[in-house]
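We have chain A already, so just place chain B on it with the hints.
In case you want the letters, here they are:
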Amino acid sequence: MNILTLLIFTPVLFGLIILLLPSSIRASFKYIALLATLLQLGFSIWMYLNFKTGAAYAGINHEEQFQFVQKLPWISLDLGGAGKMQIEYFVGIDGISVTLLVMTSLVLVIAAIASWEITSNLKGFFALFLLLDMAVVGVFCALDFFLFYTFYELMLLPLYFLIGMWGGARREYAAIKFFLYTLFGSVFMLLVMVGLYLSVKDPVTGNHTFNMVQMMNPKNYIDGSVFSILSHQTILGMPARTVGFVVLFIAFAIKVPVVPLHTWLPDAHVEAPTPVSIILAGILLKIGGYGIIRICSGIFPDVAYSGAYWLGLLGVISILYGAFNALAQRDLKRMIAYSSVSHMGFVLLGIASQTAEGISGAVLQMVSHGFLSTMLFFLVGVIYNRVHDRDIYNFRGLGTLMPKYTVYVMVAFFASLGLPGFSAFVAEAFSLAGAFKSHNVNGLLPYWMAVCGSVGILLSAAYFLWTLQRMFFGTVSLKGGDIWKIALTDINWRETLALLPLALIALVLGVMPSLVLGKINDSVLALVQFTQTVFHR
Amino acid sequence: MSKALPYQDIQTIYFAIAAVVLPFAAFVINFLFLGKSKLSGWVSTLAILVSSVLAAIIFTRVWNVQQIHVKQIWFRIGDSYLYTGILLNNLSVLMLGLVSVIALPVHIYSTAYMKDDAGYSRYFQYLSFFCFSMLALVVMDNLILLYAFWELVGFSSYLLIGFWFDRANAVQANKKAFIINRIGDIGLLTAIIILFNQYQTFDIERLFKEGGLIASSTIKNGLWISADIQTPVIWQYIACIGIFLGVAAKSAQFPLHTWLPDAMEGPTSVSALIHAATMVAAGVFLLGRVYPLFNPAELTTLAVIGCFTAFMAATIALTQNDLKRILAYSTISQLGYMVMAMGIGAYATSLFHLVTHAFFKCLLFLSAGIVIHQIKHIKEDNNLDIDPQDIANMGGLRKKLPLTFIATLIGGLALIGLPLTSGYLSKEGILITTYEWAQGKGDMMLLVPLFAFFTSCLTAFYVARMLLKVFFGDLNLQFLNPEIKIHIGDGGWRYKAPLVFLALCSLFPFFSFNPFLHEETWLLYGFSAYNSKSVFDIMHIAIPVLVNGASLLIIYYAYMIYMKRSTIVLPQSGLLYRLSFNEWYIDRFYNRVVVKFVLVLSDMAFWFDRKVIDGFVNLLEKIGVFTAGIASWFDRYIVDGILHLSAVIVQAIGGFARRFQNGKVQYYLFSMLLAVIVVFILKILIWN
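Protein chains in written order, with the numbering used here: chain A, 1108 to 1644; chain B, -14 to 673.
Bound-form chain B, shown alone:
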């Protein structure tokens, strides 16, 4: 912070640091001092309250006013320096505000929701740690730190999914979530390394600002050319693929989306904050950060994948019976919309949808939490063996849980995108831009708006189905078990206040005073630099009318099916039904093919290790032992043999010669004579 910044900016920076660090402080306090205390919930809540106030102040000072960027040397490696710094621009202050404002009601709700859990304090440790990582992620100014916090939010999500670590499903789910996110992480890391190689910096502002390093590099003749490095263009594609992998993993895009539905094993309040409103939006946020990297072809690919994800997830949501799973797939579907919007150049609209979605999806999850909680009460009071999340057991809850019903209704309508809600504003924006984008791109590309439109219809259906099955008609549980007693209600203010707050934020006035025209939303003006320009024409009226007309028809159709049971019920055995119910068999494919493949590969590696490498070593050992055996045999029988033989010979000669020494004079004389004769004979024989 050496640059001469005006006093107010320095203060803003300190505010930002405080906003990020406060949840961390809460985590540390809870971890070290409040192991079992119920106080921990309030410590965390207080921290996030102050964070959100600070975030609001920062927002007013930065939004559409200026960009503040400060950095400091973190460490030096070789001769390159790594900085740590804070970059506050429209994107980051928007996210900063969004995350803290959503986290606050979730914290309040959690103090009630988790109050009977043995791990109450642990829960708030994790939650505060998540808030810290997420808030830090959005304000970091360089890619390495962004990556670091990117992984830390994944880690806190891991902890929270597996919060009830004695449940087998929960720990399967968090392992899966972390590993799939790791696939995205290595993609992102690879992309960061490629960018570092190309531009020798991790600084987001230098890389991605207008006229920055990315903007001034070109692709020519199969080469990706920056100021002083030329790389084959394939590495630009790989960088984009890497970023996309990161986005796909965090924001649950096809083909890496399968972890999100399983992540619903965590507490529902966690699903609301992390797996609906904030963390899963980090992928879209990342796209927003690195947007200039993508060239038109890559953006088109992004749009197609986003559109496909939106469609696929919506079809799956049609047939699920688990309340949270329906919501999870709707989240995937809406994230698909956001990614698609990024792909078609509707940068601002995509972020707008991110914000509106955060509010209404958080609302939906918190309401679902209350519903599930109450069903669980019924289950425990009456010793029933049921799945409290199964919507087949529910029904008629609108009378028992009136506030929850209204909240869910508002959230549901926003999700469908009916007028007067915030969802209408952002979704129509996306649909209109998609249509305009597809103009003049050939017939194939018209499929994108078509599917986006169709997905919107599917959304209307599954939301209507969920609402009808949960809140209308009669309680199925009572129908099946007439004797059960039911004492349920909306709960205390810690349940109600968050719902009311979020419900209000899901209505149009929070974003635009004109409930029908998304163009007048204040949020969009903050990103007009990136957004594709559009001319107001008849389609801006026709498309919303068409979409909403269709939605209303479909809601009526759902009403006829589930309430009146008069219309033809779709067969529950067809190929399409099974495809939808089994989530397109994607998970099964991964388990049976990909995971199997990796395991077989690892078994093969181990087999190779034991049989081939160790086999070789053992063979060498055997050869060594065998050679030693031969040497030993040689030693014993040949070398020693010769030795022994010579000893035997010497002994024999000695024994023979000894016989001459017997002390008899005649014998000596005889020997002497013999010797003389021998010498004489030899002399005659040899010398002659």
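In isolation and in its complexed conformation, chain A is listed as follows:
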């Protein structure tokens, strides 16, 4: 059986089991969900270890270079004169997706551990959780646009209910906002997808195809079709390919999120229960970045190239704007949510540079932020579970009260603010180095963008250290008085079990970034080569 298929559908299987089991044994559901994610983690580690590197396994626009491929006809309709409708179950991975998949499976394990705090309607929660699990893993594996879109939309449904049913006080507002934002993005994506389908022909079968890898080859476009590079079609007076790129970019930018499309994120995070926050920040945002790399720059590299300046600009704006906003927050979770906006800005800046350093830095930043934001949201969850409050001003001196917890908070904060030795440092440094180098290599980004981006590193120190000083140091003083003092016990073994691996991974990736970079280098080089040569005439 194909490893990716196993990876994708294992959770659904367990989800079905949970649905079939009687609610009287609902206490065991959390173990079943944990088992499912652990199994998935095992698969993904096996896959990581067996992932071959080298220029012959670069992937990107060469279908034969993808690994663990499975390709089955899925929907195959004979449309008579219009040929055959060809939709495939086509999964496979290259360097860009492999590390993100491992990160995703680990984050899901942590999310499963965090789910133990859920007390109501366990059957529904874990069934939706595992459905979501399937969808997010599927997104990273799918190479057929239709399949990708299916998984992509399938994420929305469980997320909507998970936020809307198990969330905080304003959960319905947040859920609706999240749903509309992302739906807005994906509806237009559907149109572009259909446009691409109609423009591209599979050279072997002669049918229209949703195969994303074939969409990356200009030869497969039908002459005169809407997205063909030669036909110069226009939509509403704008070049069709630009419109296609922008629409897809908006869809993914909402996920990343890129300023100004980010305001769903703080609300969704604040209202979502901890495991959902973890999945949102740890995985969902990465789907945005992954989509921009794989789909936006993969299928429309010419537009990505000519529009790099604007991408970079948005990246810099996100870095600075997110950081300033984080500085203004007094809700701990909201502060971390804005810090995500800022850190994901580095991803966009790195991608926009289209240099090997920048894109590698961006992917590494996604992996690193996956772990770190998981850790951060888990940590917020710890304190929220105990006293149902997370206003920074309501706490002081937690370091005395919860020493072990404070150690983990410090690790997470310092790792996030880019202390060398942790993963974010290498990622951010090389995103910036790539952005700076871009001027000489391909002339896409001006020098000042990297310099402005580095100010984000300074601001991140400001808001994290302020929070540390305000909440964790000083003499103990809590809004809830002695009741809180009793409630605020130090972390237990379950929480340690979730936090320790994350802290260690952040450290290990900081000391040995080659664990990620070694797997992605060839793909990144191929991507850089590809974006700069193919589609340019």
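Source of the hints: derived by calculation from the structure; they are not laboratory data.
Predicted, not measured: the structure shown is a model, and the values here were computed from it.
Where is the CB? At the ideal position from N, CA and C, for every residue including glycine.
Hints should not be assumed to be uniformly reliable.
Label-pair ranges, simulated between beta-carbon atoms [as the list claims (entries may be wrong)]:
| hint | chain 1 | residue 1 | chain 2 | residue 2 | range |
| --- | --- | --- | --- | --- | --- |
| 1 | B | M429 | A | T1640 | 50 to 60 Å |
| 2 | A | Q1340 | B | K205 | 14 to 24 Å |
| 3 | A | W1417 | B | N49 | 30 to 40 Å |
| 4 | A | N1314 | B | R61 | 32 to 42 Å |
| 5 | B | R61 | A | K1178 | 25 to 35 Å |
| 6 | B | I219 | A | Q1340 | 13 to 23 Å |
A few chain A positions that, by computed beta-carbon distances, are all more than 10 Å from chain B [to be verified]:
| hint | residue |
| --- | --- |
| 7 | L1123 |
| 8 | S1135 |
| 9 | Y1138 |
| 10 | L1298 |
| 11 | L1305 |
| 12 | T1312 |
| 13 | N1327 |
| 14 | M1345 |
| 15 | D1409 |
| 16 | V1494 |
| 17 | G1550 |
| 18 | V1562 |
| 19 | I1564 |
| 20 | K1586 |
| 21 | L1611 |
Showing chain B alone in chain A's frame:
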């Protein structure tokens, strides 16, 4: 380590690695196994002892003998490789030796100084971690790793400043220290990225060696030209500014110096090691590493800023009453001298001053630690409400703490730069070179040696003031509270031995057998390649005589003020006094303008987020709801209305037609007749 190195060199490298890693091992052992144990202090001390022995061996093998550089691939990103490696040359082995040799007495001292603290083991974890980062910083061979450890020393300094994390001041201070250092860090990072862009390498040796990449690139027609890249020359300036920011933050130069006085919130032993002797010197060390990058104009700027910092800090030290704050400002002032010396091309002399300063300033801080500790004892024994660091409470301690007094005296004289001390040798070197440098640079540049000279006079005054107020006269505390009991003393060998060791190292024989001529110092020969050449002339005698004469006069003046109280006491209300006492209002300016500005900006960003972006989203939502309302109204009243209307009409017609079906034959006949007539009439009307 693939290159075929001689066996001894390989051994040297292993020694270097061991010297760096041992403190880290101590940190790990303490962190994992010795959570509360008093053993942790000795584990750390042992580690640093072995490190310093190894450093000494390495020093003898490398100093003026050879340079050893080994590297290994760390990781690959895209198609560029990053290496990790060790570069041992005169500069790095000097620093390696200095840091470990200074750290050793501080460790021994700390085992006694911190023995009653609840966080004893935590303290040694942090201290070992600092030593590891600092030792690694000086031997790293590439800029990325240098930056990494550069930040890690800042991080360990953060931990140690905030060691007593339940004290509000301490955690304010460590936050400030880290953020200001971050400003320097992003400067340094930017500079590193610019250099990487220009030369595609991070390797320090390749970049900065004689005839290396930096040396072979030129600036022409507004372009900065290296082998294959041309960049507008502005980026060369920005790289230098970035490096300077890094230096200014770590080495507390104007305008980023404000964190250092606050950093005194940490334990005094930490102030001695980190915020006086080693970490703050890292900025000067960095200047030494990247020296060839700076062109003459940039070096002149450096000299001016260094000179200004030295002067400004000295003026502030004049009026401070906190013992540690005085020392902190004197550190800033001396660091200013070092940076100035770098700027005027006195490379070797600057490093020489770094070394001598490390010893005597560490000595001063450790002595101050003993004084403060003893005053604290008095305070606790007698339940007094006093600040144990305030020199106004002290006085007459020379009889109670004789060894501490002698140690402070030696340290103080070295700080002033009086003969027979090490400070004399290095400081005169700087002053003489400054004078020579200013020759022929125009009148404006003469201000630099002038201010350097003036600063030296100020130093003499504040040191004399401190010594007199602490050790001479009578104990003020007893004067104010006659009933208190006093049992104080120098303390055990763990206090005394470090003081004796450091005091000996602050005297001239350690550096030169000639106590009066700095030119004969062995240390200077190690860097003669970079140092500006000077000819021995009459000024080499005149300047020391002049400076020391002035110093002695000023010390006498201070003696008259503070002991005899006979001379006119300077007014404590003038503008100059307030300027000095309030530290030139720089900190206040930062808090009220810069910090405020950032906070206002962040509030504005959040306002924009909520009101404009979310406002727009909510507006869209409202429009959506409104449109839906209209659609719903339309649906209900128009679409449904038409439907209902047609239903009503059908019903009406049906009701009307139903009346015909009443079962009466006459009625049916009548209807039929009516129909026939209607058809007939219609036929006539229409067809005709």
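Results of checking the hints against the structure:
no.: 1; hint: B/M429 <-> A/T1640: 50 to 60 Å; verdict: holds (57 Å)
no.: 2; hint: A/Q1340 <-> B/K205: 14 to 24 Å; verdict: violated (48 Å)
no.: 3; hint: A/W1417 <-> B/N49: 30 to 40 Å; verdict: violated (57 Å)
no.: 4; hint: A/N1314 <-> B/R61: 32 to 42 Å; verdict: holds (41 Å)
no.: 5; hint: B/R61 <-> A/K1178: 25 to 35 Å; verdict: holds (32 Å)
no.: 6; hint: B/I219 <-> A/Q1340: 13 to 23 Å; verdict: violated (43 Å)
no.: 7; hint: L1123; verdict: holds (37 Å)
no.: 8; hint: S1135; verdict: holds (36 Å)
no.: 9; hint: Y1138; verdict: holds (31 Å)
no.: 10; hint: L1298; verdict: holds (20 Å)
no.: 11; hint: L1305; verdict: holds (31 Å)
no.: 12; hint: T1312; verdict: holds (37 Å)
no.: 13; hint: N1327; verdict: holds (28 Å)
no.: 14; hint: M1345; verdict: holds (22 Å)
no.: 15; hint: D1409; verdict: holds (22 Å)
no.: 16; hint: V1494; verdict: holds (20 Å)
no.: 17; hint: G1550; verdict: holds (13 Å)
no.: 18; hint: V1562; verdict: violated (7 Å)
no.: 19; hint: I1564; verdict: violated (6 Å)
no.: 20; hint: K1586; verdict: holds (18 Å)
no.: 21; hint: L1611; verdict: holds (13 Å)
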